[in-house]
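J.: Each chain, written out:
There are 4 protein chains.
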Amino acid sequence: MAVTLTGNSYGKSEVRLVTVRRGADPADRHALKDVTLNVRLEGDFAAAYTQGDNRGVLATDTMKNTVYALAAEHPFDDIEDFGLALTDQLLQADPHIASVRIELAEHLWERIETAGAPHPHAFRRAGTERRTAVVTRCPDTVRVTAGLEDLVVMKTAKSAFEGFPRDLYTTLKETADRLLATALRATWRYSRPDVSNIPFGPLWSEVRRVLLATFADHDSRSVQHTLYAMGEAVLESIAGRDVEEIRLAMPNRHHIPVDLTPFGMENRNEVFVATPEPYGLIEATLRRG
Amino acid sequence: MAVTLTGNSYGKSEVRLVTVRRGADPADRHALKDVTLNVRLEGDFAAAYTQGDNRGVLATDTMKNTVYALAAEHPFDDIEDFGLALTDQLLQADPHIASVRIELAEHLWERIETAGAPHPHAFRRAGTERRTAVVTRCPDTVRVTAGLEDLVVMKTAKSAFEGFPRDLYTTLKETADRLLATALRATWRYSRPDVSNIPFGPLWSEVRRVLLATFADHDSRSVQHTLYAMGEAVLESIAGRDVEEIRLAMPNRHHIPVDLTPFGMENRNEVFVATPEPYGLIEATLRRG
Amino acid sequence: MAVTLTGNSYGKSEVRLVTVRRGADPADRHALKDVTLNVRLEGDFAAAYTQGDNRGVLATDTMKNTVYALAAEHPFDDIEDFGLALTDQLLQADPHIASVRIELAEHLWERIETAGAPHPHAFRRAGTERRTAVVTRCPDTVRVTAGLEDLVVMKTAKSAFEGFPRDLYTTLKETADRLLATALRATWRYSRPDVSNIPFGPLWSEVRRVLLATFADHDSRSVQHTLYAMGEAVLESIAGRDVEEIRLAMPNRHHIPVDLTPFGMENRNEVFVATPEPYGLIEATLRRG
Amino acid sequence: MAVTLTGNSYGKSEVRLVTVRRGADPADRHALKDVTLNVRLEGDFAAAYTQGDNRGVLATDTMKNTVYALAAEHPFDDIEDFGLALTDQLLQADPHIASVRIELAEHLWERIETAGAPHPHAFRRAGTERRTAVVTRCPDTVRVTAGLEDLVVMKTAKSAFEGFPRDLYTTLKETADRLLATALRATWRYSRPDVSNIPFGPLWSEVRRVLLATFADHDSRSVQHTLYAMGEAVLESIAGRDVEEIRLAMPNRHHIPVDLTPFGMENRNEVFVATPEPYGLIEATLRRG
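So the protein sequences, as listed, match chains A, B, C and D. Using the working numbering, the first residue of the first sequence is number 1, and each one after it goes up by one. Using the working numbering, the first residue of the second sequence is number 1, and each one after it goes up by one. Using the working numbering, the first residue of the third sequence is number 1, and each one after it goes up by one. Using the working numbering, the first residue of the fourth sequence is number 1, and each one after it goes up by one.
Calculated from the structure, these hints are not laboratory results. Nothing false has been slipped in among the hints.
When chains are identical, the list treats them as one kind, so a pair holds in a single copy or across two.
No farther apart than 16 angstroms at their CA atoms in a straight line, the calculated lysine to aspartate or glutamate pairs in the EDC-like style are these: (1) LYS173 x GLU162; (2) LYS33 x GLU270; (3) LYS158 x ASP28; (4) LYS33 x ASP81; (5) LYS33 x ASP77; (6) LYS173 x ASP61; (7) LYS158 x ASP177.
Because the structure is a prediction, the values reported are computed rather than measured.
Required output: the full structure, derived from the provided sequences and hints.
T.: Next comes the structure, spelled out in structure tokens:
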């Protein structure tokens, strides 16, 4: 019987890169970058699988070394720029490689405030939120996706869930006033043909600002409703002119009002139990035009 | 500017179901099933997103209830069978639903041995390994994928990595004898048109047996080489007759020989440091014919 | 042979409490509290262990219910105050109970900024850092410990490690300039006899401010050296007048400079690999007087 | 104001050691050991804290190197033996060291079965369970504690919880037949004065066997009741002659029967939801005599 290798890829995951740039500005402040990278290659690697021929297999250890060497030569402000440089370098590393995909997740640090001012070289991790990017490059094309993940938000007003269908298995009560909490993941694809010229940093900040503001202000009838409003607001914002498509994923981190009636008390929508599982998961993709 | 909703799905994740069947066999032994389910629906849900109209939104809480009610009515041995029944039920729950996808992960328990015999109603969790299945159903088609994940294995002989290309950034030494460890994830798709008739349990056990035996015995020149051999052995086995395609993912959990020369000692390939990150990740898909 | 029960305790762990207070201030802003609690009882429970006599065993489910009922009756700003009220209530719940210990961990949320102002009812999780407290109460005494954990900080200057002893197994190089990163855990015990009168909130903020400022500014010769300086600064601060003892634990999250010499490059202390394990762990307790 | 350093310790945590012994037996089978170690030192380290004087601070990196060098020189079957050798070596490493504490956790691997026989050099991780040991050594004394952790077990019969007190906040129903699941942690201290002569491996296996058998067979009125029976059975077993004291911790991993009455169905104690939090936590210490 014949067996065919119909797809394959390989790479190095969870490469941890931290860089410090000293004297990067007049106040002699250090600039800190903290990034986790996944490198994935596709290409002509069949001989390695079927015959154990390693002559075309760039070692994943070499990929890791390439990341560190490039980081020394190529200081960066925006992870998208580093991804662009890295895909460029790796695509040339071996003729068997047909495409390179780099996933980057930046762990965010804020300067510690001392004596009312940001400290030049002391930092505090700003949370679980990560700025993300994916750069995919073939010889002819390059694509940049930016994003964020694990941005945990909650609203305690302007969230309802009513009017859903009721069948034999429906016990959920309608509510005009519930807590709405999620760990937002968003990714958006840039539409400009010339990726070398995109102001990645300002655009990322603006998209994030619009997402947060819309989440906060929206009069939500469901997670779906708010998710769509958030994506729509991004595409209609100034930053959205450069965004072709945005994907949003919002797990519904349920907060259940505690039934206090057994204790002769009323819960005026003030006391909740946060539940880790199960959770609703709502996803959608919105596109301009 | 126009905004289009180009894709969406929603559902309930991490539904935890445990069932006990009593007196299921002559020895009055209890049968225990422990499963985590993700339910995903696709369909005509645009009004919920764009207008906050919930009339077509089956509540994710109702999906959860449906799981438990069905489990009471429909005791099962194989998670594939439960996935088939559940997709069938949910597809009929609301006319807006176009397709249902159920992911199931079974946590495995073994009977505790007491007095040299398996205990009728006491169990020990058998490890981190999970048996998995995905059932996807539209009105016209149903597809079943089986699998396993987090099957952690290591071989301490018959693993080499030599002959790979060396460039400016290559520092990895060639080795004819290394440790090879991974947390295997495998998924395979059944080819029979009539899914109601597949002996899911015996097939799963046989695929797993072939994967383990091939991993153990293979003379490995790389992870790629062994991954392919494992997939090929499955497709060529008796179980493979029912398998159309198999996907394997093998993270390379590196074990690095410790350099003892600074202490005036030699490491005869006996002392290693296990490293959690970074790790190589090798993936491929093999198909019959 | 005689067997003696020499110690025992039981309780409920990971009780998740979220409360919302509406209209708590003139701007009609909502106040959000998000706390995880562990409840532990000690007392005369031997009959439950040795004879299966449950007449003195307050169900852990009842403990959980008590948390939620009390939260509805007793809105709080500071977790220490809620711990004081809860220990008081539980100590009276059953005559078998001799002492109650409540551990509280507050997950911190910040208001989302929209239109340049903090939003009245939308929040962003402020990070992994948690504010902690432990309240322990017997009929005659009550003790309050406050703290914080998982406050992740890094300094990129003013950190050295030199002059340590070198033996046969020492390969670590001396360095006058390294990165110093940690996930700080601190707990401090209040010395006032009347715990009902302590301004827990302002004291917590002030201790945290002193810890961060000292970490940032200290000229560190080792983790031990900086840890001591941080504890000393707290005890010598204004907040320290109310603090009898402080314990600090600082895991050393190593950031290793990457050796770029194989690539013909020099690492000017700019490129590092962050390593999750192993890690140094430094702990100490400092006391006034 | 005077500040006093009242306690301190430091060390290296999460040192990952994997060793392979080749030709360890007639069948040329490899022996695999996979251990995580924490090293803690106490001693005269005040100058490091208060003055930044590192002359007495054995680097934690040196501790790690010592682990690997000793593992090469001192192959071991039982982690207790390696802990004894390591504490001995480290206590002599520097005169400032007054005591050494080593915590060891062994990750267990089983041989893969191929062709009906255990494979000589291929292994499967046996689960989340870990064999543990703590060795503490001062110049005059040494103490060995053995144990296990994360041994996940469940019984589906012979478990009740009835007769507990009911107060205003009690809503839990009494039950004569519930699921009882836990992740057992046990530690026991050996009583022999001469620790060099204890058959650690057989004793560990026997204690584990007694714990499992008692859990399985016990007619449980509560977690407390079963925990005590398990500890008592160990102390009264043959292995118990060498055990002075045993501590057990049993989190109650609640499995809640699903209320099916809203769906017009009855739950005959067959369908449960597994809940991760909150959980009861029961702990006790039993001693001989």
